[in-house]
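Enquirer: Got two chains here, separate frames each, mind docking them using the hints?
Protein chains in written order, with the numbering used here: chain Z, 51 to 1052; chain W, 218 to 633.
Mixed in with the good hints, there may be bad ones.
[Claimed, not checked] The calculated DSS-like cross-link candidates involving lysine-lysine, where the alpha carbons are at most 25 Å apart (straight line), are:
no.	chain 1	residue 1	chain 2	residue 2
1	W	Lys506	Z	Lys168
2	Z	Lys483	W	Lys282
3	W	Lys485	W	Lys506
[Unchecked claim] If we take Cβ atoms under 10 Å as the criterion, some of the chain Z residues that face chain W in the derived model are:
no.	residue
4	Leu651
5	Thr923
6	Arg955
Hints are computed from structural coordinates only; laboratory data are not their basis.
Just so you know, these numbers come straight off a predicted model, no measurement behind them.
The beta-carbon is built from N, C-alpha and C at its ideal position, and this holds for glycine as well.
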Amino acid sequence: MAEFRNSSGGRIDRARPLTFRFNGKRYQGFSGDTLASALLANGVHLVGRSFKYHRPRGIVTAGAEEPNALVQLETGGYFEPNLRATQVELYDGLTASSQNAWPSVDFDIGAINGFFSKLFVAGFYYKTFMHPRSFWMRVYEPIIRRAAAGARAPSEADPDTYDKMHAHCDVLVAGAGPAGLMAALEAAKAGARVIVADEQAEFGGSLLGETSGIDGIPAAQWVEKMRADLAAFPEVRLLPRTTVTGYYDHNYLIMAERKTDHLGRGMGGVRQRLWKVRAKRVVLATGAHERPLVFADNDRPGIMLAGAARAYVNRYGVKPGNTGVVFTNNDSAYEAAIDLAKTGCRIEAIIDVRPQATGAMAQKARAAGLRIICGAAIAGVEGAKRVKAVEIAPLSSDGETVGGPVKRIECDFVAVSGGWTPAVHLLSQSGGKLRFDEAKACFVPNVSVQAETSAGACNGTLFLEGALEEGAKAGRAAVEAVGLMPAQESALPKVETVEAAPIHALWIVPGKKPVGHGKAKHFVDAQNDVTAADIMLASREGYRSVEHLKRYTTTGMGTDQGKTSNVNALAILSRTLSSPIPSVGTTTFRPPYTPVTYGTLAGRDVGELSDVARVTPMHGWHVARGAVFEDVGQWKRPWYYPKDGESLREAVNRECLAVRNGVGILDASTLGKIDIQGPDAAEFLNRVYTNAWSKLGIGRCRYGIMCKEDGMVFDDGVTTRLGENHFLMTTTTGNAAAVLDRLEDYLQTEWPDLKVYLTSVTEHWATASIAGPKARELVGELAPDLDLSNDAFPFMSMKEATVAGLAARIYRISFTGELSYEINVPAYQGMALWEAIFAAGETHGLTPYGTETMHVLRAEKGFIIVGQETDGTVTPFDLGMDWIVSTKKPDFVGKRSFSRPDTARTDRKQLVGLLTEDPEEVLPEGAQITADADGTPPMPMLGHVTSSYWSATLGRSIAMALIADGGNRQDTTVHAPLGVKTLACKVVKPVFFDSEGARLNG
Amino acid sequence: MGSYSVFALVKNAFSHHAGWERAWRDAAPKAEYDVVIIGAGGHGLATAYYLAKEHGITNVAVIEKGWLGGGNTGRNTTIIRSNYLWDESAALYEKSLQLYEGLSQDLNYNIMFSQRGVLNLAHNLSDVREAQRRTNALRLNGIDSEWLDAEGVREFCPILDISRTARYPVLGGTLQRRGGTARHDAVAWGLARAASARGVDIIQNCEVTGIRRAGGKVVGVETAKGFIGAKKVGIVTAGHSSVLAQMAGFRLPIESHPLQALVSEPVKPVIDCVVMSNAVHVYVSQSDKGELVIGAGIDTFTGYGQRGSFHMIEHQMGALLELFPVFSRLRMLRQWGGIVDVCPDASPIISKTPVDNLFINCGWGTGGFKATPGSGFVFAHTIATGEPHPLNAPFALDRFTTGHLIDEHGAAAVAH
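In isolation and in its complexed conformation, chain W is listed as follows (with noise of 0.2 Å):
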């Protein structure tokens, strides 16, 4: 594979460009893998990659539906943070983020990951003791945050409406700097590319339509192109994980609802950084070619069809203009929707399952995207080993049962 590089560039300029080769190969299913992992999406592909970086196991395939990296991989609103309160969630979601920051050079796929800062506001009484509850724990965990007041979160982002009069004065915000976004598809497509390098099959077009088993083992997947044999599979199916789990006898504790999207025409610079409200339910960032990128509510029913309820959308706009009435007269360009997997717990499920040998990574919810390199990584070691790595053993599904919750929702409740 030819490596990537202004060089490569200008040298290609000079052959018309003719000279590029495939980001990746298309492959043609082999009739058995070591390991199969059904699902090319971010998760999916960095599973792959470090199951042949970090394990040597290049027998592999992805078996993709649809086309790689289409799933939530290429709907989301692509922040990358590690700011979670809960031990078991920082250390994953922070090992994720330092494999972001080196991940352009890893891949040699420039993945644009953006430090520029994520900014979580606090508005109440409630959201103050939380964000400060948050970012000590941080701290003694090691993760950078910081707690600014109103004028610093002024400073930080200048066009927030911070004034006292606004319906939800912003009284705060926690910052973690080394938060930030990054081009979500180029996650994708350089996991892919990086993959494929070291000899990972990447089937697309390839639905799996069943799961085959034979004592208490999985054996193989049945797919649109035939009988694929494994003897490992994983399912990293985000949207579609119970489905999945049901193709092989069991079930996850998971509801899957909607979550819209939508960017706006793109304009200058006039937001450098991601400013998250949770009590206003926003958050937003601008991508490198301007648009403003917004994130809506969670539709509370359930389903998997990937279109949200129109009225997310309207109330989303509320709450974005009674941060930033400037941005009132910006226009929505797109949106859509896409199917998150929610767990109890709001915390996701990386694990050994009731099938020897098979595995499952799912219930990432609404923030997935944060997680895909961190994910793939602990997620290649459950499978190469067959035993969960440190980070991702509190993650087991068993803990549904043992009652070992990793509950991410918080309080539900306010103060009297």
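Isolated chain Z (complex conformation) (with noise of 0.2 Å):
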């Protein structure tokens, strides 16, 4: 048995012990233990430096509000930087080491800026390093991020899976302790949908480590009976290991549950899971946090808040040392005294700041025999690494300075009570607002915003009796809130009140030397190394503000977001600026309560799922050919289909000449394609599509372009017209759901009043695209049925016809310049198609091509691509395609845009063809053009080259370029300075190929 353990008492279960290993040396705890604990019944208290002094640091609570006792976790995938070694569930083969301590934590360079601690006040970064101007990036900075935070980053990907659970209730209780179980069982009795979500690994939160009875029965066992009770009703969701960590608008809240942490690492299932619920009413039962007093050297190892010591003696059978010291303007500290003494820890003085110790709790403690110090002081403590004595002074009555004979007491811990405060973090995420209670020394809820309510400590009722009738209360409420009928009132359980006498705030505890003075330090934030002489330095400079106070001194700014230290650090404000604390007020409170795992929050969304990949019912097919694929949005579409170890270039070269000289297939499947139906389809598409479309004829398509308001293209693509009130359009790949959007919004905010219904068909259809002058051919075989001659199947029109045995439709449109045809079946039927497809067209040489060839053969047509031509701030004018633009129309979007001066000019940026002079020489795509050769930076811009190929058909390259008064520089000289070299061009219309048209028909 370890040391300081007590062989009875406590929760843990001594049959089951546990090793683990500590900064390398192994250790032995018990099932029940959490690292601190079982570190503490081994006589560990240095656990860690501090962040800025390097300072030795010990465990100073038993939960999640701990500031110091940071430790890093396990090896490899399973490294976990920062944990709070309160709340580490210890497990079997646990290995744990320090943070921020080098070569050791016992051992520790870095404490060799505690010799410069003087200079290292609050801010003094903002106020030096600044000479000269090169050395902060090359020597200042570099030291301080080296020396900045105190773990590792994990350097290997998390072996582990997280996920994520949706759930509704009528009550969602926020911490088992006695309040909340109270408000659950009151909830659950009346039939309401409940979950009790607390962060520990068993219910019952403060009762767990307390030793009086409720209802005649030991608290725990009251716990275990209250939590039997819920477990019975089904309709209660019980969750241990769950944090509520942020509370959104709409009653939304956020848990974290730790599934498996507690069993060791690589269990696999789950590890972390992310709890989204939407409750009706919220019982906020979160408990309240000590906070510890601020006097001289107050963070040495060994000194504890009273109610952690109490916790490690009365749940973990740990005694923090043989003799201590308790300290306290407080009655809650009396019962850790009390309990500590009965364990087998020598007592040596109660020290109460307050001026008498008259009260209830008092005797209690002299009855047991206990010495009792009133109206004094720790004004100093020996030991770095562990506390060795306190020297104890009498305070002054207006408590600003200690005075007379010191008393020093040897000890090996302190148990340290400054009062609590009521953990109202999720009550101010939620909006709520809070007021400062003098008498009991803290925040407490006020205001309530959304359906909440906040029961027992975190109520401010810090007595047992209080909260269970508070937690009953706000059950039964919340319940009638939600329109459910409480159950018939039972009476409360019986607990023994001890009536406490009134907390004495002292804010500042002094010392030997005044505050900021001499070598002792007052930290208010342990972790952050924020003293009270930093809170007052930073109040002096002006950073008055609670906010600036915080960012200026970064207090309650570490991992434990000053849990601890916050409502000190304000009130030793309030006292600086001798204003009172209601009017310096808190720091906004913000989510998580405690840190959440980025594992956690992604949940499955991580590698292949993070945003799932969309293929085609041709994809597998693609795979098996050897298709290199481009992602198009979130689409994967095949780049091009190298042969034999091809490059790109000489695979997009025989995949152009096969289109040009034969016949080339696409997947086209991947474009857009909405639905559009109703008695005023033609009429929207009039509005939307800066062309006209009340005449487009039953089965003929119309290629149409789409501007936002300021007149922009947005997008394009081509709509069939399938029935006198439905339309198919189709846009392009990456664009679908925001044209999709965009409709809508137009439909339910602008034009109420169409009767058009839009659906998204996009993965309804596999479309195979069938380019090429032996295209016709090809389709013949596959259609036998189909007169496919010009006149009965003309360009851009649609036939219904089977095609390869499958009902299909037919699209006469082209995206290459050739005799094409889209046949789209049903999804389903798409690699059908596609095989039947090759199966007939082997004999003609067909030959499967990519996004990367169908860029190159459109281009050579001048086709434009949206995203690519475009950006955002080109009409269709400047695309040269004034034809698109009714001028007949009453309206469409981005009509009354083109009149706007700017948008009117005739030497906008206007798409223009670029030749190389040097035929072989192909532009890079982003290139940018300029008028003159040479030239030096700055230099005047004309534009930039938007599409660049290498042209297997011309046998040179081609490009298109947007230029700034394009229209009126053709045949003339334009250059492009690529840093290495410059290449002129010269300036022709967008169209490289066939500009008459002519292979279309065949």
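Expert: Written as structure tokens, this is what we have:
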């Protein structure tokens, strides 16, 4: 048995010993221990070094509020930094180490910083490190960065899995202490759907360390009975190890559940789970955190909060030391003193800053044989790596100084209480307002904004009887609020209540020298090494808003977010400013309550599922053919199909020539498809496209351009009239969702009078686009019943026909300039169609081609790609597509913008073709174009190259560009300065091949 | 005002730091000022500072509803860069970057401007095209920018997952080495201190409730502390610009959206640059304290409540882990939201208004921090002379009438 472990008592399982390592040494603990309790049982108080001064630090609390005892856990993929030892459940084989200490926590070189602590005051870095200028990046900052932060970052990918759960409930109870359990039971009895979440492994909250009884049975037994009662209700969900971390609008709460962390690492399954809960009512029963007293050298290992000391001895059977001193300004520490004395610690004295100790608790302590020293304070602490003794001195009546004889008391631990701070984090996150309760010396809930109630300690009700009563009341009120009938009222559990004497707020405990003088430091935020002197300095310098104070001193900005320090900090600010605490106010509480792993927040949305790739029904075929894919929006599209080690260019040349000279096939299934129906469908298209749609015949197709309100091109595509009131619109692949959004937006907010219904059918269809001079021959074989003559099936029309035995829609449209047919079948038949086409196509030398070839072929024809030739600043006129903008329609989206002076300018950037002087040179896409060949930056630019390719058909390079006044620059020479060289190019019309369009008809 | 230096620190250490002066005076409002700036964020304070420094106008008040630097100045992800596509934007942001480069010394306040490089990733062919276009334009505008291939990206930021099997593989990226981050609060405090030292009154906790006009001219502002007369007024109230414009009787083409950010628990240096990805939509850097500072996406709905939707954070984390799988076991320490005022073309308005002697500086969207000194510099010029500086002339309010937009949204579409 470890030295400081009592042989009995506590909730640990002494029959289940566990071995663990800390800083390389082997120790033993028990099932039910936290890492902190197991370390204390082995006499280990020194667990870390502080952030700035590298002061030795010990365990201060027994819970989520721990500022000091941060450790890194495990190695490799399971490595995890910044864990609070007070919350890490012990498992066999656990390996942990201290942070921010080198070479060891015992001997830490960084402690040299302590010698400069007089310089390293709040905000010192804003006042120096400025000269010489270059030293900031080269010298100062690298040192600061290396010095900052305690923990290493993980260096391997996380092997664990995380997931998410949505839940709804009538009542969510946050915290399963006395108030929460009562609230939950009342809600459950009324038949409500209840979720009870508690951050600890066991329900019970403060009761787990409680020695008094409830209803005549030990508190822990009462908790177990309540838990069992609750578990019996079918509509009650009990979630231990689940922290309610965030409270958002409309009673939407986020909880983080740790499912397997307590079992060890690599357990498989889901490690942590994010719960997203929509609750009709919330009962906040989140308890309270004890505050330290701010006295000289209050950070020495062995100095811990009284409530924590009590929890360690009662809940874990661990003595914080052999000989202790209790230092307090309120009654709660007396209970700790009594319990510590009862379980084998020698309590030398209770030092109480209050002038008298005459209350019931004091009497109880005296009856237990404890010595109370009133009106006194700890004025100094001996011992660096572990407290050795404290110096006790009488306090002046105003509490501003200590004087008189100093008494030295040897001890190896100090239990401190500065009062309690209700855990109002969730209330504050919900938008609720706080008020400062002078009598209790803490902020308590004042105004609710959302459907919640605070009960128990988090509501400032710091005694058990009150917490039980408030919990029950909150539970009943919650069920009533959701429209259920509360169960018959039953008697409250009986508990013994000792009347508490009032707390005496003493925000700074004076030391032997004034605060900030001498060597001693009064720590407020132990994690960020913020002292009372720092706060006073910030205030002197004008950082007087509590937010300025926080940011200037970094108080409350550590991983504990100031749970134990915030109130002390703002009280000291208030004292320095001589303005009352309520007028100083608090900083905003930000989610999460305790930090949540990114893994949990991402859940399953990682790796392949981070944004699920969309593939066409023919995808497997492309993969089997060795296609190289391109990401277009969420889609995977074949980019090119290399054969026998072909390069991109070689493959594309081959594919291009195959289409121009024979027949090729493209999987065009990814294009967005929107089914448009309703009596006003044609009118709707008239409004969203720039051209006219009313007279389009059934079975005919038309190309359209859609602009934004500012007249800039937004999307394009071919739309086909399937019936009088029925159209099928195609959009670009990447823009499909955005187009549908925009169209819906217009319908719902601008033109609610139009009877039009939009349905995305993108994934309903598989599309095989067959193009080339031999396309008719091939399609004729596949659809022998269809008359493919130009008269019977003209360009820009659609026919329904049977293709390879499948009912299909065939669109005669072309993006390559070649005769082409786009065959559409229901998606599930896509592969069958594709394979049938290939079976028939073999003899025709059918060649699959990808998006790169498609791009080259369309560029040869001067067809634009939205998003490539356009960038949100290009009008249809800029593209030379005046013909597509109706001058007759009364209105359409973007029309009015065309008459704005800048949009109507004739020297705007316009689409042109570019031919490099050296036909072998292919301009890089994105090259900027200048008028002059030479010059040094900054140089005026005319525009840029939007598309550029090697054209195998033409045997030279071609490019398109947007350049200022392009229309008037025809046949002039412009330049593309590429840094290494400058390419001269001739401006031409952006059509390089078959400008009369003869090939469309085969 | 005492100068800040290591010598001053040592000297003050001997007097227990009792000798430090207030960083800025807490001024009571005078009856009238030559210029009243509404909003003591970075841009407002910079405007006041440059009014005093560049134009000798020191009878200036900066009026703030809450605490100075408490709006977007204190909520952003502190990224500074000037790698903008369009000439007008590039010139303005480059001016700002250049001012940042000397700001610590100019203000005698270390704003910790750290030029650790801003890396913009390209994940698809469309990104690559856009990145190269931008890099070429920047080069010809005389602004540093370089293209890195995937291997170059890995060398520059080794913890990035550049594997080809990633959902959106990294194909390369553009790097602006002069870009980086600065300590956002320090920018506000340093400007406040320097402006105050030149005579500017900073009046906190003083909400403006009305803008008084007479004969088409502004004459002062109604505030929580009474009427304050002003010969000229500048509105610099990001997140609330439309509300202030309405007080002055005109409308702005602005939508206000929540934008969120978050930080991790601090860890030792693991990422030494700023990484941004539009396609995966992540931006991340690591502060000097060791926290990963991560920007989330903009909420699509509009509103003034300074809190966004949680699902934006969830989405952000999936994207983050896609690029940085090693971050999975790090934890989110703190998240918050602010309100960004977005113009239709995603560029700011720094302009005269329909009201004489009333000027407005707004519409910076998600990226105002990087422009702080430049914005203040040109806005001070605009207020002092009554006419825009050449750098902000293109950013006038009338561009929404003429159509001369500076559309930094770029293309919404992705290729066929």
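Enquirer: Against the structure, test the hints numbered earlier, and report the numbers of the ones violated in rising order.
Expert: Violated: none.
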